[in-house]
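Student: Here is what each chain is made of, one letter per residue.
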Amino acid sequence: MGDTQLSIAITGAGGAGVISCGELLLKAWARCGGRGLLRKAFGPQIRGGEAAALLKFTDHERYTAAGRYDIIVALDWVNFDRFQDEIIAGPDTVVICEDSERIPASLRGLPVIHHAFAQLASSSHPEGRMNMVAAGLLGHLLRLPMSALLEQALAKLANKPEAYRDGARACIASGYAASKDIDRPLPARDASGAWCLTGNQAAGFGALSAGVRFAAAYPITPASDALEWLAGGLEAVGGHLMQAEDELAAINMTIGAAFGGVPAFTATSGPGLALMSESLGLAVASETPLTLLNVMRGGPSTGIPTKSEQADLDIALHGLHGDAPHLVLAALDIPDCASATAWAVQLAQALQVPAIVLSDQFLGQSTAVVAPPRLPAALAAAEPTPSTTDEYLRYRLTASGVSTLAHPGDADARYTADGLEHNERGTPSARASDHREQLDKRRRKLESFDYGPDWGRCVGKGDTALVSFGSASAALDEAAARLAEQGAPVRTVALRLLSPLPVSGLELALAGCSRVVVVEQNHSAQLYHYLKGRLDLPLESLAIPGPVPLNPHTIAEAVGARQDA
Amino acid sequence: MGDTQLSIAITGAGGAGVISCGELLLKAWARCGGRGLLRKAFGPQIRGGEAAALLKFTDHERYTAAGRYDIIVALDWVNFDRFQDEIIAGPDTVVICEDSERIPASLRGLPVIHHAFAQLASSSHPEGRMNMVAAGLLGHLLRLPMSALLEQALAKLANKPEAYRDGARACIASGYAASKDIDRPLPARDASGAWCLTGNQAAGFGALSAGVRFAAAYPITPASDALEWLAGGLEAVGGHLMQAEDELAAINMTIGAAFGGVPAFTATSGPGLALMSESLGLAVASETPLTLLNVMRGGPSTGIPTKSEQADLDIALHGLHGDAPHLVLAALDIPDCASATAWAVQLAQALQVPAIVLSDQFLGQSTAVVAPPRLPAALAAAEPTPSTTDEYLRYRLTASGVSTLAHPGDADARYTADGLEHNERGTPSARASDHREQLDKRRRKLESFDYGPDWGRCVGKGDTALVSFGSASAALDEAAARLAEQGAPVRTVALRLLSPLPVSGLELALAGCSRVVVVEQNHSAQLYHYLKGRLDLPLESLAIPGPVPLNPHTIAEAVGARQDA
Amino acid sequence: MNEPIAVSPKSFKSAVKPIWCPGCGHFSVLNAITKAMAALAIDKDNSVLVSGIGCSSRLPAYVDAYGFHGVHGRGLAVAQGLKVARPELTVIALGGDGDGFSIGGNHFLHACRRNVNLVYIAMDNEVYGMTKGQASPTTPMDWDHSKLTPHGPGVRPFKPAAIALAAGAPWIARAYSGNPNQMAKLIAEAIEFEGFSFIHVLSQCITFCPEQTDWKAIVHERSEPPLDSADLAARLFLADDGFATGLLYREPRATWPPPLHIHKNKNKNENEALAALAAAFAAQ
Amino acid sequence: MNEPIAVSPKSFKSAVKPIWCPGCGHFSVLNAITKAMAALAIDKDNSVLVSGIGCSSRLPAYVDAYGFHGVHGRGLAVAQGLKVARPELTVIALGGDGDGFSIGGNHFLHACRRNVNLVYIAMDNEVYGMTKGQASPTTPMDWDHSKLTPHGPGVRPFKPAAIALAAGAPWIARAYSGNPNQMAKLIAEAIEFEGFSFIHVLSQCITFCPEQTDWKAIVHERSEPPLDSADLAARLFLADDGFATGLLYREPRATWPPPLHIHKNKNKNENEALAALAAAFAAQ
Ligand SMILES: Cc1ncc(C[n+]2csc(CCOP(=O)(O)OP(=O)(O)O)c2C)c(N)n1
Ligand SMILES: Cc1ncc(C[n+]2csc(CCOP(=O)(O)OP(=O)(O)O)c2C)c(N)n1
Ligand code: SF4
Ligand code: SF4
Ligand SMILES: [Mg+2]
Ligand SMILES: [Mg+2]
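Chains as they are written, first to last, in the numbering used here: chain A, 1 to 565; chain B, 1 to 565; chain C, 1 to 284; chain D, 1 to 284.
Here chain A stands alone, though its shape is the one from the complex (with noise of 0.2 Å):
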């Protein structure tokens, strides 16, 4: 296994087509074998802008953004510079621009090429872009057929009218035929039977996989294009997505769904979530089962709605008033997205509970190539404890805490689902002694369930051991190679499932370690002290806020130097 990259940003105004221009590569890129990830960075909002296609072409699957790029086409300056934080150059960075005049700072001295995207694309057709000149010029240095271009390029505007893909032939073929070849050494293209797809997506197909029938949608960035993609998917499969007027009515929307026994879904992001927390509560007091996604963005507050962080972990173990256990995991990388939320509904749905995923922009909406997600066999059907009345009891005390949960329809268990605190049958009580039992029964069900070895990834052996969760984890483990090369091999722990905690399986991986480094993507060290208080462990922390993706490197030199010191 070679270990070749090649990276690539483009950048350009909001409506300058950079995303797809980026796709159409990647998937060109794709369809010839390759390998490779998509981050699509924003400003603060959607439209009117700046926007970026940040590519990496690799030869294995690599789930971590670049931290450097070899080459970056610039559209025009002003977009560029908004993401200076973001876009970092190395020392044989290849700049293309059209205004090789005013070249920020920060990239001066590199070799530069230039390129007049502006006046290709007009004098190759009136329709003509600049995106796709761009796209002609840079899958011709990634030496792709014209072909392999101009194929993914017509089936995105297959609904366009015909002088669009007129415009867009014409241009691919004018920035091919203009391009200058760089010396760039490009990555192996021998993958087969690979999968092209977003975090977003893969969540929505996992959910669908594992039975899900049923969401209900209200728009936010980072989220809507998992519920988009479902909104198709459930219609495929005979369910229903139901567009709410706001997230409380979501999540109840979700629940009503799922005390009907449909696998009920729904998707948000950090403000949405917030929104949600109360009846979140409802879910876990009436143990109604139903899964949602939580694809975070930077915070507090609005934040930055379109880059990514990991700052809603807070909010996803604690945010529920009173004692409200439920379950919370993580998605490590993009394929995992379809896998942690497969996971995700078969949990709930065995354990009456609510369970939050956890995915991120990053995750969610960057594009990679590859192999098809493993989604989790079927949970073996817990045996229900034989009940020794003839009465259906909803909420009976059983030994694993879970009891049998009946559907409207099903005969001769008529009950009322109940948020406040009732007795076995369901009846309100404010007894201390019912309150008692319905306290122990719910955190029991959750703490006493085997969730077998999937509540993390462990990896490498070492003294020192990185922990972390979702997509810090790739980070992780570019950052653990690394350090191995460097002679001073580490343990990494990713957790997939965050609540309740797998304690015992934590405190085995880290055995003998004498440092722990919990490393995640936020500025207060969520997952540090939420360990901390759980764990006796010797905990170090490396938190970095976003919404720059962190940089293995960076992770291997904090660790490396605290090493030292």
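None of these hints come from the bench; they were simulated from the model. One thing to keep in mind: the hints can contain errors.
Within a straight-line C-alpha distance of at most 25 Å, the following computed BS3-like cross-link-like pairs (lysine-lysine) qualify [claimed, not checked]:
no., chain 1, residue 1, chain 2, residue 2
1, D, K147, D, K132
2, C, K44, C, K17
3, D, K147, A, K160
4, B, K160, C, K132
5, C, K268, B, K156
6, C, K13, C, K185
7, C, K44, B, K160
8, D, K132, A, K156
9, D, K44, D, K185
10, D, K147, A, K156
11, D, K185, D, K216
12, C, K268, D, K147
13, D, K17, D, K44
14, D, K132, D, K17
15, C, K185, C, K44
16, D, K268, C, K147
17, D, K13, D, K44
18, D, K132, A, K160
19, C, K147, B, K156
20, C, K17, C, K132
Some residues of chain A that are not near chain B, with every Cβ distance over 10 Å (derived) [said to hold, decoys possible]:
no., residue
21, D59
22, H114
23, R436
24, Y530
25, E540
No residue lacks a Cβ here, since even glycine has one placed at the ideal position from N, Cα and C.
Got chain A; can you put chains B, C and D with the ligands on it based on the hints?
Tutor: What follows is chains B, C and D with the ligands alone, placed relative to chain A:
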């Protein structure tokens, strides 16, 4: 200082007026120089359910609920039964009831006084009510002059028809006459200058005293009466209370008034806090000061709305999405509801941040006779770091993290407050450097502030410490007294400031302890895990969920027992 | 309405004893619901009552059917999700004026628009009963019995029928707790109506608004057939006294989801569909 | 409206450059607002623009006044709290159709009822622009351009003016982004009106609804004087095409808080009042 106590429980149906009876007795007692506490207990719903007035007459200020009752007055047994877990009899308890045939098992064998409440009520006056008969009876037992009872009864009925007052007079008189003496020592009545109020009233008073001139309200048990008191209080000082359509409106109205420069307040309980969490994040990001009183009740979800629990600590600390540092305080007892709330208002204004004050149903709705609350001295106004530019920068980076806050009407400081990440000027920005700087600033202003010694109350010496927050603290102090009597003195630390956690103060207070037991009234040990996540101390957990009040005896035993183990 | 069948309304009551104050109007609503269910010989196992929080919202536990007692103000959202997921069920949402018009106002608006086929019964006593008598959106401007608004709310009362109409509800009736037979008839009609049917029930709170016993004298049954055009109905709802009872407006229109959609869903081969979705992700 | 004074609208623009798509209708609303402010020679230091989240809601930062850019759907609540706390300020709330009629629907309803003296401008482009073009409450039933609702939302569009009227708004106008002069005039009138004034602006989203350029041909100015009775206005709002512009309805009524209350508050001695409140707690 003696330590004579007399505790009386009066139970009846929701509409039977046992609470009024208890209030009448406590107020008459206070009027005669006595000290005491009235805890109110209700069934799961306010109307039509059961109610209990739980009185404790004492000779010095005591803020815990009684563990056992010396006298139990049951107007009927059906409603008494619903309090089985809460109203515990001792070996010498006297039972006073109408129906001495159907005494429940738990009370059998105790001395019983039969009292024909219903018959006396109806024979005394057409408008006669049992609760007033009971008031007369118990007033006599307490050796209160009849005039003191009548004074309170007539004041309460001042706006009712004359016949009601006549009925009350007649019933009190006949109850008084029919009273049989029981041989119990009575606490001394030598207080002067005391106040008689609930924690919710105290919180309202604290808010007003600290300058609050606007409140927004959505009713919720057990917080509504804080808002109801404030409606009158604000009118008296020239402010406004707006009744909102929901909690989302309430918190945003509060933010609006605060943005206008008027110190603003709202109060709610768990479900409402959950709904407010998104907009609390807005207050954090836009640096808008406000104070939110959260009167905790049994959870999760609708839970047990009328009973006390301390299970909203997690959501108060961690319920906001993104990295959203804010203030969390807790009132330690009924008068401290005034002091802690006033301090919270001062801190929120000084640090331009939302402050959550945790109280609970026990503190909020119990009436106590206490020394007037101590209000904090005005905070020294933070010296604003002089600006180096002429331009007004709303979110200027300063050493303290606090920037000058201009309000509409101020000349030439126009800016737009924003929940989007922004630069110093307030202009939205998605740049990593702006994000990092503003995250640092928002944390810095909270963490670098000197909160002084008011962060908690530390009492006693010993190798073992008991740590708690809020209303559990009183139980802690009594447990400590018991342990001291048993020759096992302990320290107690009651936290008034929970976030930012006063780590150095705590470490000093707990220095040298070999055991630190974290005591709290919830199921999942929320304070324990929070402290463990932030302190390197040998912590143990003693978490007991509601709704029965924490019992000092149980705590002392648990701590003692473990000491032996 | 079908021929009444000999099922006793009592058999539709559950074993849980209502804990409302004696004289509360909500008792009549409970009676009217069980009467209507009996009259239609409704299948208990396939019926669900959904509510929010309030004295009124406690009702589902008192009926022998499936029930969902949710959180304050969100019952209509639960009911819509349920009905869309399980179109064969009879779904009745209910709650109070605080629950439905104050905190739940947005869901009320959008449920009227969306027109999912279910019944919504708003039990309006012009007060927050459960939390001890604060003003609700329907409270008269000058009602000064609450300490929270000691001079009255000072806000124009919310007009449920007018809002429902403006938002697009196709079936609007008003009933009164003093006339449970009329109410039962309306509930039965609402269940049979194809679409979102809204029944505004004047249901007195004897404890906090004893003055509502005067409603008896004011309430009047509207004898004309229901109006069938929104602009005419709007005049009625905005200009009248709000005490006319009966079926006031009826103008059926497309429900959500489109019936075709429900039908189409029945015949899907899920595995084939999933395989096709997977195939679309194939890179090569 | 006062005699226009020679203040330039441009001086009411801030230094922040709008980042809307070229051709977005929201530019006109910005122009109309600054024009109205100039025409009234409004004191910038005493004016506040409050908004929620959406392309439209970004507007406050572009005006040289105080501004508050809140969270999605809650701008009206912020604006009401602000105006009640600081009655001397000029407060303009604004936002989009998603912000105001979907997630913010409940606050819209209750703001109309409550009648706090402020202006509310809803910039309606029948779409969620900011989140890339999903259906909003005002989207036509069959608009199938969003993947979230690939066959169209299938729900009857929300009628903002009809809802505002039913909820009790006393002043309702409609404007169009293609006619900023008329809009400026209406905004100025709204500012001067004593009460809650609602301007429904048809403001096209060129990116996601290019078909809205056709509005130019459909929009028609209503020349009659504004209606002054709710039941008549209801007929107009429910039966017409929704494209009539101008001041459509005006029927002043009591604002909240009652003006007397505001006035009384001015003369309180706070210390005396606090002492009296404390005295009421005295036990002996
Ligand atoms: C989120 C939330 N806010 C507030 C409450 C408190 N609360 C419970 S019931 C209720 C009002 C009930 O009034 P209504 O719906 O009219 O029912 P009624 O009791 O009058 O029948 C309120 C405000 C709550 N349970 N949850
Ligand atoms: C609580 C919450 N939910 C969802 C969003 C995502 N969101 C941002 S703007 C918007 C819709 C904006 O539409 P509209 O108000 O019509 O404004 P426009 O962009 O069309 O001008 C949505 C759903 C959010 N920011 N917050
Ligand atoms: S308080 Fe009012 S609404 Fe509630 S049960 Fe009693 S009478 Fe009925
Ligand atoms: S997306 Fe639409 S609403 Fe948003 S700025 Fe562009 S044109 Fe305007
Ligand atoms: Mg009510
Ligand atoms: Mg819009």
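Student: Are the Cα positions of K147(C) and K156(B) separated by 25 Å at most?
Tutor: The hint holds at about 15 Å.
Student: Beyond 10 Å on every Cβ pair: is that true for Y530(A) relative to chain B?
Tutor: Given that some Cβ of chain B is not farther than 10 Å from that of Y530(A), nearest at about 7 Å, it is violated.
Student: When you check the alpha-carbon spacing of K44(D) and K185(D), does it fall within 25 Å?
Tutor: holds, 18 Å
Student: For R436(A), is the shortest CB-to-CB distance to chain B above 10 Å, so the non-interface label stands?
Tutor: Non-interface label fails for R436(A): nearest chain B Cβ at 6 Å, not farther than 10 Å.
Student: Confirm or reject the statement that H114(A) sits farther than 10 Å, beta carbon to beta carbon, from all of chain B.
Tutor: Correct as stated: the minimum Cβ-Cβ distance to chain B is 28 Å, above 10 Å.
Student: Would the hint linking K44(C) and K17(C) be met if the CA-CA limit is 25 Å?
Tutor: Holds. K44(C) to K17(C) sits at ~19 Å (cutoff 25 Å).
Student: Run the distance test for K13(C) versus K185(C): straight-line Cα separation, threshold 25 Å.
Tutor: holds, 18 Å
Student: Has the given pair, K147(D) with K160(A), been kept, meaning a C-alpha gap of at most 25 Å?
Tutor: Status holds; Cα separation ~16 Å.
Student: Do the alpha carbons of K132(D) and K160(A) lie within 25 Å of each other, as the hint requires?
Tutor: Given that 25 Å is the threshold and the Cα spacing comes to 18 Å, the pair holds.
Student: Hey, K13(D) versus K44(D), does the alpha-carbon distance stay inside 25 Å?
Tutor: holds, 11 Å
Student: Is K17(C) within 25 Å of K132(C), Cα to Cα?
Tutor: Roughly 21 Å between the alpha carbons, so the hint for K17(C) and K132(C) holds.
Student: Verify the proposed pairing of K44(C) with K160(B), using a straight-line Cα cut of 25 Å.
Tutor: violated, 47 Å
Against the hints set out earlier in the document, violations occur for numbers 5, 7, 23, 24.
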